[in-house]
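Colleague: The sequence shown begins at 850 in the numbering used here and counts up one residue at a time.
Hints in this document: simulated from the structure, not taken from any laboratory. Predicted model, so just to flag it, every value in this text is computed and none were measured. From the three backbone atoms N, C-alpha and C, an ideal C-beta is built for every residue, glycine too. Please note: incorrect hints may appear among the correct ones.
Stated by the list, open to error - Only pairs whose alpha carbons sit at most 20 angstroms apart, straight line, appear in this in silico SDA-like list of lysine to any residue:
| # | residue 1 | residue 2 |
| --- | --- | --- |
| 1 | Lys924 | Ala938 |
| 2 | Lys949 | Ile931 |
| 3 | Lys927 | Glu900 |
| 4 | Lys941 | Val873 |
| 5 | Lys941 | Lys865 |
| 6 | Lys924 | Thr914 |
| 7 | Lys929 | Val873 |
To be verified - Here are the in silico distance ranges between beta carbons for each label pair:
| # | residue 1 | residue 2 | range |
| --- | --- | --- | --- |
| 8 | Lys949 | Gly882 | 13 to 21 angstroms |
| 9 | Val857 | Gly913 | 13 to 21 angstroms |
| 10 | Ala938 | Val873 | 18 to 26 angstroms |
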Amino acid sequence: DVGGSATVDQVREGFKIILQDRRVEAILVNIFGGIMKCDVIAQGVIEASGEINLQRPLIVRLEGTRVEEGRALLKQSKLKIISCSTIEAAAKSAVLEANKYRKTHVDSH
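Could you build the full structure based on these sequences and the hints that come with them?
Modeller: What follows is the structure in structure tokens.
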């Protein structure tokens, strides 16, 4: 939960904390609300995922203030970010992508 504000540093550090657990197979970012601007969150997600060379699937659902600008930034980033417009679609996508990641990245010992 980023509350009403989030910086690139906070997003990056959040990703790093999540990725300390090697069992994480996908990341779902869900932003809903009017306080936080979606374009600011999108820019933070783009910069943070680029800086840490994110290899796990990243699914982002944005809804709220400046949502169209945020979605456009995600699309223009050329990063492998899956943008969804509903939480249902985002959750389904996260499960699907996690399963794909597991099949290609987990040892079968």
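Colleague: Each of the hints needs a verdict: does it hold here or not?
Modeller: These are the hints, each one checked on the structure:
1. Lys924 with Ala938: holds (17 angstroms)
2. Lys949 with Ile931: Since the Cα atoms of Lys949 and Ile931 sit roughly 14 angstroms apart, the hinted pair holds (cutoff 20 angstroms).
3. Lys927 with Glu900: holds (14 angstroms)
4. Lys941 with Val873: holds (16 angstroms)
5. Lys941 with Lys865: violated (24 angstroms)
6. Lys924 with Thr914: holds (17 angstroms)
7. Lys929 with Val873: holds (17 angstroms)
8. Lys949 with Gly882: 13 to 21 angstroms: violated (30 angstroms)
9. Val857 with Gly913: 13 to 21 angstroms: Check passed, 19 angstroms falls within 13 to 21 angstroms.
10. Ala938 with Val873: 18 to 26 angstroms: holds (20 angstroms)
Hint compliance for this structure: hints 5, 8 are broken, all remaining hints hold.
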